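So the protein lines, in turn, are chains E and X.
Sequential numbering of the first sequence, starting at 1, is according to the UniProt record's numbering.
Sequential numbering of the second sequence, starting at 1, is according to the UniProt record's numbering.
Read the hints as simulated data drawn from the structure, not as lab findings.
What you are looking at is a predicted structure, and each value in this text was computed from that prediction instead of being measured.
C-beta: ideal position from N, C-alpha, C; glycine also.
Hints should not be assumed to be uniformly reliable.
Stated by the list, open to error - Straight line, CA to CA, 25 Å or less: simulated DSS-like cross-link-like pairs of lysine-lysine:
{"no.": "1", "chain 1": "E", "residue 1": "K101", "chain 2": "X", "residue 2": "K191"}
{"no.": "2", "chain 1": "E", "residue 1": "K278", "chain 2": "X", "residue 2": "K179"}
{"no.": "3", "chain 1": "X", "residue 1": "K191", "chain 2": "E", "residue 2": "K278"}
{"no.": "4", "chain 1": "X", "residue 1": "K100", "chain 2": "E", "residue 2": "K40"}
{"no.": "5", "chain 1": "X", "residue 1": "K100", "chain 2": "X", "residue 2": "K179"}
{"no.": "6", "chain 1": "E", "residue 1": "K101", "chain 2": "X", "residue 2": "K130"}
{"no.": "7", "chain 1": "X", "residue 1": "K191", "chain 2": "X", "residue 2": "K100"}
{"no.": "8", "chain 1": "X", "residue 1": "K273", "chain 2": "E", "residue 2": "K282"}
{"no.": "9", "chain 1": "X", "residue 1": "K179", "chain 2": "X", "residue 2": "K191"}
Unchecked claim - Chain X is nowhere near these chain E residues, computed Cβ spacing over 12 Å in every case:
{"no.": "10", "residue": "L10"}
{"no.": "11", "residue": "G20"}
{"no.": "12", "residue": "T52"}
{"no.": "13", "residue": "A59"}
{"no.": "14", "residue": "W65"}
{"no.": "15", "residue": "I98"}
{"no.": "16", "residue": "Q142"}
{"no.": "17", "residue": "D145"}
{"no.": "18", "residue": "P178"}
{"no.": "19", "residue": "A184"}
{"no.": "20", "residue": "T195"}
{"no.": "21", "residue": "T200"}
{"no.": "22", "residue": "E248"}
{"no.": "23", "residue": "G258"}
{"no.": "24", "residue": "I263"}
{"no.": "25", "residue": "K282"}
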Amino acid sequence: MRLALRPYLLIVPALLLTCGILYPFGLGLYYTLFDFSASKPQPDMVRFENYTTVFTQEAFWNSAWVTVLYAVGAAAVETVLGVAVALLLHRSSLLGRILEKILILPLMIAPVIAAIIWKLMLQPSVGVVNYLLRPFGLGGVQWTDTPTGALLSSIAVDVWVYTPFVAILALAGLRSLPTSPFEAAAVDGAGWWYTFRRLTLPMLWPYVLVAVIFRFMDSLKVFDIIYALTEGGPGDSTVVLQIRAYLEAIRFQRYSFGISYTIVLWAVVYLAAMVLVKHLGKIQRRAAEVT
Amino acid sequence: MKKRALGWLADAALVLYFVFALFPIAWMVILSLKPADQLFSTYFSFSPTLDGYRTVLGDSEGIPFVRFFVNSLVVSVGAVVLSLVVGLPAAYASARWRFKGSENLMFTLLSFRFAPELTVIIPLFVLYQKLGLFDTYVGMVWVLQLVTLPLIVWIMRSYFADLTPELEQAALLDGYTRKQAFFKVALPLVKPGIAAVSLLAFIFAWNNFVFPLILTSNEAQTVTVGALSFLGGDRPKYNLTAAAALVSVVPPLLLALTIQRYLVRGLSFGAVKS
Numbered sequence: 001m002r003l004a005l006r007p008y009l010l011i012v013p014a015l016l017l018t019c020g021i022l023y024p025f026g027l028g029l030y031y032t033l034f035d036f037s038a039s040k041p042q043p044d045m046v047r048f049e050n051y052t053t054v055f056t057q058e059a060f061w062n063s064a065w066v067t068v069l070y071a072v073g074a075a076a077v078e079t080v081l082g083v084a085v086a087l088l089l090h091r092s093s094l095l096g097r098i099l100e101k102i103l104i105l106p107l108m109i110a111p112v113i114a115a116i117i118w119k120l121m122l123q124p125s126v127g128v129v130n131y132l133l134r135p136f137g138l139g140g141v142q143w144t145d146t147p148t149g150a151l152l153s154s155i156a157v158d159v160w161v162y163t164p165f166v167a168i169l170a171l172a173g174l175r176s177l178p179t180s181p182f183e184a185a186a187v188d189g190a191g192w193w194y195t196f197r198r199l200t201l202p203m204l205w206p207y208v209l210v211a212v213i214f215r216f217m218d219s220l221k222v223f224d225i226i227y228a229l230t231e232g233g234p235g236d237s238t239v240v241l242q243i244r245a246y247l248e249a250i251r252f253q254r255y256s257f258g259i260s261y262t263i264v265l266w267a268v269v270y271l272a273a274m275v276l277v278k279h280l281g282k283i284q285r286r287a288a289e290v291t
Numbered sequence: 001m002k003k004r005a006l007g008w009l010a011d012a013a014l015v016l017y018f019v020f021a022l023f024p025i026a027w028m029v030i031l032s033l034k035p036a037d038q039l040f041s042t043y044f045s046f047s048p049t050l051d052g053y054r055t056v057l058g059d060s061e062g063i064p065f066v067r068f069f070v071n072s073l074v075v076s077v078g079a080v081v082l083s084l085v086v087g088l089p090a091a092y093a094s095a096r097w098r099f100k101g102s103e104n105l106m107f108t109l110l111s112f113r114f115a116p117e118l119t120v121i122i123p124l125f126v127l128y129q130k131l132g133l134f135d136t137y138v139g140m141v142w143v144l145q146l147v148t149l150p151l152i153v154w155i156m157r158s159y160f161a162d163l164t165p166e167l168e169q170a171a172l173l174d175g176y177t178r179k180q181a182f183f184k185v186a187l188p189l190v191k192p193g194i195a196a197v198s199l200l201a202f203i204f205a206w207n208n209f210v211f212p213l214i215l216t217s218n219e220a221q222t223v224t225v226g227a228l229s230f231l232g233g234d235r236p237k238y239n240l241t242a243a244a245a246l247v248s249v250v251p252p253l254l255l256a257l258t259i260q261r262y263l264v265r266g267l268s269f270g271a272v273k274s
């Protein structure tokens, strides 16, 4: 009896703390059934009206579209670039060993600080990026003042911060691969591209997929980078879902409506996580068969 | 010959990426050392001055940056310590015993990692104002668990799972109690892991922006929000912003370099080991 009870006792404190976080989540869910806002502190029950409003609003679909563009764009570029950097670091001996030590620096800088740094560098007239581009006849790019530019700029900041994340996971993966299949391929005279496509990539895929899942899920809920770089503008070209929720709940103080936005986003992220994690399990089993 | 040329090309590509990765940091150093009147004129030649840092650290401009820095320290350390106290037993229990609800609890914790922060923050914002926790250390430490607890539990669970249970069983045969076996055998063996995870959790707590943005206003505000305030005003003070940004990234950068060996496991929540 004592033995059966022990794990529960050990886990109770964590459970209590978890409830401390789950309680506001439940409270938020409850709030969304009311029209709770600063102008209406004694709210009426509106049931699911907040959600029906969310889904019929053009602003929501715009935000959802921007969020998907951002998440897919950032995760895709980071994956390709990160794997490339890992391959290059793995191949290069001395240079790689030196550079590897500093690979993680951007990743350890708070994303909001990274956005501030890039904001300073991307200023159209006085920023250093346009200064460096001037000799190429590109001195006056309005980086964050056009809709497309703002979205691409914020993705670029995300890429700057998080590419090292993909790279260090892929590098760890590369180092853990068995050497014998590669030796066999070399003996058979297989070319670089063939080896990469038929051996490296399939065996590396589980590692890459972990990175992709983390990056995609995190990008869906991006906030800091956009907040500091564009504040959702110009217009609403970079208003991702968390920014929209922030504007509704905190700026305009429509609490329940803002929370409804985050609940919808939460549900999407949760479903995406379930699908991806399931897929990850399948891929890991398949990779285990290859090696 | 062709192979060698390709090798050079690959190295060149690598260097190019690192220029992209490091230039912004180098540029902040330059910007932070520029005197205010040379900010926009001479780009790479200027007379360096520490005035920017003096202003930022000297509470001028009405922004108490040093206090924000101390606040960041206090709330990050607080969150890490609390998460360790409750997280280590939980991680140990879930690594050693399969029991009803353990997997569910672990996945609930993992789902925090991917939850949109505002889902919890907005209700907390309302709640905190009623309870008097808004803009307090306690309030911030409490909410930063969302960042630090899942990290600590998941990674320490993978460390405990790597230890063979025979070690503790041997200790039990030697007359140790369960508690002693945990404190004298299991815990010392994962000590390097605990140290690394604590520092990583500290970095994550330190770097968080959205919690202090919404749940603090002045008293408990942290550096990530504080650094942003230098951008405000009608005349942007680029050198001060750069100095503030750099000061705020020193702790995470130094800590990251010391725990580099453990980062892969930490960042992937134990999914990738190295």
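To see whether the hints hold, each was checked on the structure:
{"no.": "1", "hint": "K101/E with K191/X", "in the structure": "holds, 23 Å"}
{"no.": "2", "hint": "K278/E with K179/X", "in the structure": "violated, 37 Å"}
{"no.": "3", "hint": "K191/X with K278/E", "in the structure": "violated, 32 Å"}
{"no.": "4", "hint": "K100/X with K40/E", "in the structure": "violated, 44 Å"}
{"no.": "5", "hint": "K100/X with K179/X", "in the structure": "holds, 22 Å"}
{"no.": "6", "hint": "K101/E with K130/X", "in the structure": "violated, 47 Å"}
{"no.": "7", "hint": "K191/X with K100/X", "in the structure": "violated, 28 Å"}
{"no.": "8", "hint": "K273/X with K282/E", "in the structure": "holds, 19 Å"}
{"no.": "9", "hint": "K179/X with K191/X", "in the structure": "holds, 17 Å"}
{"no.": "10", "hint": "L10", "in the structure": "violated, 4 Å"}
{"no.": "11", "hint": "G20", "in the structure": "violated, 6 Å"}
{"no.": "12", "hint": "T52", "in the structure": "holds, 19 Å"}
{"no.": "13", "hint": "A59", "in the structure": "holds, 16 Å"}
{"no.": "14", "hint": "W65", "in the structure": "holds, 17 Å"}
{"no.": "15", "hint": "I98", "in the structure": "violated, 10 Å"}
{"no.": "16", "hint": "Q142", "in the structure": "holds, 17 Å"}
{"no.": "17", "hint": "D145", "in the structure": "holds, 15 Å"}
{"no.": "18", "hint": "P178", "in the structure": "holds, 15 Å"}
{"no.": "19", "hint": "A184", "in the structure": "holds, 20 Å"}
{"no.": "20", "hint": "T195", "in the structure": "holds, 14 Å"}
{"no.": "21", "hint": "T200", "in the structure": "holds, 15 Å"}
{"no.": "22", "hint": "E248", "in the structure": "violated, 9 Å"}
{"no.": "23", "hint": "G258", "in the structure": "violated, 6 Å"}
{"no.": "24", "hint": "I263", "in the structure": "violated, 6 Å"}
{"no.": "25", "hint": "K282", "in the structure": "holds, 15 Å"}
The structure fails hints 2, 3, 4, 6, 7, 10, 11, 15, 22, 23, 24 (numbered hints given earlier, in ascending order).
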